[in-house]
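Undergrad: Single-letter residue listing:
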Amino acid sequence: MSARHSVVVRLAGESGEGVISSGDLLTQAAARGGYSTQTFRTFPAEIKGGPCMYQFRLSDEPIWSHGKDVDLLVCFNQEAWDLNWDSLGAEGSILYDVTEVTIPDEYLDRARPVRMEELAKEIGGSLRAKNMVAVGAVTGVISFDTTPIEELVLRRYAHKEGVADANIAALHAGADEAADLKGRYPLVPPVEVEDDRMLISGNQAIAVGAVAAGVNYFAGYPITPASDILEWLSVRLPQTGGLTIQCEDEIASLASVIGASYAGAKAMTATSGPGLSLMGELIGYAGTAEIPVVIVDAQRGGPSTGLPTKTEQSDLNQALYGSHGEAPRVVIAPVSVEDCFYATVEAFNYAEQYQVPVLLLTDQGLATRLEVIHRPDTDAVELVQRKTSAGIAREDYKRYEYTPDSISPMGIPGEPNGMYVATGIEHNEYGHPGYTPEIHTGMQDKRLGKLEPIRGTSRVATHGEDQPEDVAFIGFGSTFGPVREAVDRLVEQGLSVGAFYPRVLGPFPADRLEAFVARAARVIVPEVNYTGQLARLIRAETGIELESVAKCDGLPFTAEAIFDLVAQEVTA
Amino acid sequence: MSTRKPNDYKSELKPIWCPGCGDFGVLASLYRSMADMDLDPSQTVIVSGIGCSSRLPHFASTYGVHTLHGRPLPVAMGVKLANPDLTVIAVGGDGDGFAIGLGHFPHAARRNVDITYLVMDNEIYGLTKGQASPTSLFEHKAPSTPFGNPEDPLNPLALAIAAGASFVARAASFNTKALTELITQAVEHKGFSYIDAMSPCTTFNNTQDSWKEMVTDVAPEHDVTDRGQAFDLALRGGFALGILYRQERTTQTQRYRAILDKAKPSDVDTMLDGFNARKGAAIGKPS
Chain A
168 MSARHSVVVR LAGESGEGVI SSGDLLTQAA ARGGYSTQTF RTFPAEIKGG
218 PCMYQFRLSD EPIWSHGKDV DLLVCFNQEA WDLNWDSLGA EGSILYDVTE
268 VTIPDEYLDR ARPVRMEELA KEIGGSLRAK NMVAVGAVTG VISFDTTPIE
318 ELVLRRYAHK EGVADANIAA LHAGADEAAD LKGRYPLVPP VEVEDDRMLI
368 SGNQAIAVGA VAAGVNYFAG YPITPASDIL EWLSVRLPQT GGLTIQCEDE
418 IASLASVIGA SYAGAKAMTA TSGPGLSLMG ELIGYAGTAE IPVVIVDAQR
468 GGPSTGLPTK TEQSDLNQAL YGSHGEAPRV VIAPVSVEDC FYATVEAFNY
518 AEQYQVPVLL LTDQGLATRL EVIHRPDTDA VELVQRKTSA GIAREDYKRY
568 EYTPDSISPM GIPGEPNGMY VATGIEHNEY GHPGYTPEIH TGMQDKRLGK
618 LEPIRGTSRV ATHGEDQPED VAFIGFGSTF GPVREAVDRL VEQGLSVGAF
668 YPRVLGPFPA DRLEAFVARA ARVIVPEVNY TGQLARLIRA ETGIELESVA
718 KCDGLPFTAE AIFDLVAQEV TA
Chain B
-1 MSTRKPNDYK SELKPIWCPG CGDFGVLASL YRSMADMDLD PSQTVIVSGI
49 GCSSRLPHFA STYGVHTLHG RPLPVAMGVK LANPDLTVIA VGGDGDGFAI
99 GLGHFPHAAR RNVDITYLVM DNEIYGLTKG QASPTSLFEH KAPSTPFGNP
149 EDPLNPLALA IAAGASFVAR AASFNTKALT ELITQAVEHK GFSYIDAMSP
199 CTTFNNTQDS WKEMVTDVAP EHDVTDRGQA FDLALRGGFA LGILYRQERT
249 TQTQRYRAIL DKAKPSDVDT MLDGFNARKG AAIGKPS
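So the protein lines, in turn, are chains A and B. Residue numbers for the first sequence, in the numbering used here: 168 to 739. Residue numbers for the second sequence, in the numbering used here: -1 to 285.
The set of hints was computed from the structure by calculation and includes no laboratory data. There could be a bad hint or two in this list.
[What the hints assert, rightly or not] Calculated cross-link-like contacts (lysine-lysine; reagent style DSS-like; alpha-carbon spacing at most 27 Å):
{"#": "1", "chain 1": "B", "residue 1": "Lys127", "chain 2": "B", "residue 2": "Lys12"}
{"#": "2", "chain 1": "A", "residue 1": "Lys215", "chain 2": "A", "residue 2": "Lys327"}
{"#": "3", "chain 1": "B", "residue 1": "Lys262", "chain 2": "A", "residue 2": "Lys327"}
{"#": "4", "chain 1": "B", "residue 1": "Lys139", "chain 2": "B", "residue 2": "Lys210"}
{"#": "5", "chain 1": "B", "residue 1": "Lys12", "chain 2": "A", "residue 2": "Lys565"}
{"#": "6", "chain 1": "B", "residue 1": "Lys8", "chain 2": "A", "residue 2": "Lys565"}
{"#": "7", "chain 1": "A", "residue 1": "Lys288", "chain 2": "A", "residue 2": "Lys215"}
{"#": "8", "chain 1": "A", "residue 1": "Lys565", "chain 2": "B", "residue 2": "Lys3"}
{"#": "9", "chain 1": "A", "residue 1": "Lys617", "chain 2": "A", "residue 2": "Lys565"}
{"#": "10", "chain 1": "A", "residue 1": "Lys235", "chain 2": "A", "residue 2": "Lys349"}
{"#": "11", "chain 1": "B", "residue 1": "Lys188", "chain 2": "B", "residue 2": "Lys8"}
{"#": "12", "chain 1": "A", "residue 1": "Lys613", "chain 2": "A", "residue 2": "Lys554"}
[As the list claims (entries may be wrong)] Distance ranges between label pairs, derived from CB positions:
{"#": "13", "chain 1": "A", "residue 1": "Pro583", "chain 2": "B", "residue 2": "Gly18", "range": "32 to 42 Å"}
{"#": "14", "chain 1": "A", "residue 1": "Val627", "chain 2": "B", "residue 2": "Arg247", "range": "47 to 57 Å"}
{"#": "15", "chain 1": "A", "residue 1": "Arg295", "chain 2": "B", "residue 2": "Gly272", "range": "22 to 32 Å"}
The beta carbon of each residue, even a glycine, is placed where N, CA and C say it ideally should be.
Let the sequences and hints guide you as you build the complete structure.
TA: In structure tokens form, the structure reads like this:
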């Protein structure tokens, strides 16, 4: 078979069988081999038991989505087949555990049994290496060099004698299974491997971005899918002189972050939708007391406990409007793993410059997926410091002073002339409680008005044609990947297509969006939620006609699904 | 010898409390204690929640954070962790601390957060006009308990001791000399110091006269280092004023300092190296 530019593999089985770790292992090995990778995983909300799957797509070229039609489906058990057979492409092949799975007759010609359990028992005396037999079988079918996998296994089990050997033996044994499928999906080897490649997840990119931004204080409460950030920073932040603490709940997390920032720290918390709900009142507080904080929301399926381990983009409204009254905030939605790094730096800069809470919206798909990115250039990171009371005489100091840009000097404890009381009660320029019509109107105007410059200056993400004539896609966050792939394919077909991603959703860059779509026959707004929250926002902020494509199945869009929104019309 | 006077800690704002409110006595004691300790106002942060007593930071010329209802403790913890050189005093009422904010209290105690928490307990919600609070007595009649409070009150002192507070004391707003000294000892204590200051609400729950009759002093033979004795005293009820419990224990600040001291210094570029995916790159710890 001729070599391909892309292969999509899906591993499926029971949580606890090593499906996720196998996917991570293959992805890491592929990244080291010079391939681009995209991954998507789903797992149950329980620790052991319940179906999980890990899909990865490899390519010698840059790729932006995890793929739709699976080339190679690996079933660890019967349920894996039952739940995943319909993801298989028309030419796709199947590897399945011979003792566990029965494949329907019509698929047997492209299905091969693998002695996952048998070989694992034979080699390691238990089922623990079952997943390594599967990994080995995958490497055989996609003609994948096992050396980087062996290196990773040796490293991972460096302290456990015999375990690495058993795993590597299982890997080799697996590679000889399904012998007649060997080399069925050979990948084009990467031509040129750039030197600055990194394999990293969205959560990790945010955590390391926060370090680049100079974070000194992080507080969080465990919640899927944001806990990685808490865990990663628990190790790393002390190495920079900063501090990470796990609090008793999300309220305490954000409250302590507010306290730390009040005392001069750059402070952040990370959570998911349920935690953000609890933080709502404090977001209003930070906005009113004008205290810089960064809040990460790795969205998951809602409402309520919802789908803790599945993806959704349904917290946009909560991010923009959550908290009573009309509370100022900035909302940023990074569009890729790489952007997670830069958006985190931007989040801190907006927070410090405007003395405002900044919400960073990702989602389960983006937060947990492993992607090969260019190493961020830390020398190019520019940091903004907050305006403080330093140098102002005591008698002249007004914490909430009306200024031309509505940004007032913040006193930092220790600074002798900056003493004030931060408060969420309406207050005058000195921070003294005051409820007159003039004070409330003036202060709301100050707090909300100070953010207006962002509307025209925020960094947006675009792809394809500027001011396209046929189709303009508008979205936020993680849908950018599949949309940009679809745009490329539609442009190849001769259509005039472009995508506009505001990134900063509040304040909303309405004028630039209107200019972008001015000539487009169709404006399509894909998003992963039920009510079309972004579409409603655009309708509220602009007068444009648009088509809302909202779905809430817990899964990210595929490039193919986006492509089909337009292609069906082209072919009709 | 102190160079600052109690009046130096007064802000230009006059308290908005009702005449006779116990909180005046607490505030006066706080001014005097801060003067006795000669606290640098710019190195002092008073953190409060919401309620009559939580207005207190506005009446002091120090740094202050008037937070949300129930949230002074985690905010105060953040302030202290971010800058351990600061003196941090959290204040509030019984509704703020023991109803909406109770979830934070045992955690601040067990962590031994190096702050002082001064609660002005009037057994009532004053700001919202007299409803029952978690420390209101059984059968207390209030607008929200017209048939008498059907609930038993919480015992904050016993709770503080059980949760691991390393300094626990009871005071009364009308006994300012003792309260001043207790505040000083609490602030100078290393770790989480809790003062339950009985502070009558003369408008909605005027207990002043009865409390004045009930108060006694903690017996001189009471061993403040004996947690069992302290617990007994807290559970026995009554109004024994003074220190119930005091313990030397490493503070949260010291424990985090130890983590920082042990950490191997690193920087963002070294951290990024851990994600290298170059061909033949040194294999980092699988993440």
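Undergrad: Each hint: holds or not?
TA: Hint by hint, here is what the structure shows:
no.	hint	verdict
1	Lys127(B) x Lys12(B)	holds (21 Å)
2	Lys215(A) x Lys327(A)	holds (23 Å)
3	Lys262(B) x Lys327(A)	holds (25 Å)
4	Lys139(B) x Lys210(B)	holds (21 Å)
5	Lys12(B) x Lys565(A)	holds (19 Å)
6	Lys8(B) x Lys565(A)	holds (18 Å)
7	Lys288(A) x Lys215(A)	holds (21 Å)
8	Lys565(A) x Lys3(B)	holds (25 Å)
9	Lys617(A) x Lys565(A)	holds (17 Å)
10	Lys235(A) x Lys349(A)	holds (23 Å)
11	Lys188(B) x Lys8(B)	holds (26 Å)
12	Lys613(A) x Lys554(A)	holds (15 Å)
13	Pro583(A) x Gly18(B): 32 to 42 Å	holds (36 Å)
14	Val627(A) x Arg247(B): 47 to 57 Å	holds (53 Å)
15	Arg295(A) x Gly272(B): 22 to 32 Å	holds (27 Å)
Comparing the model with each earlier hint shows no violations; every hint is respected.
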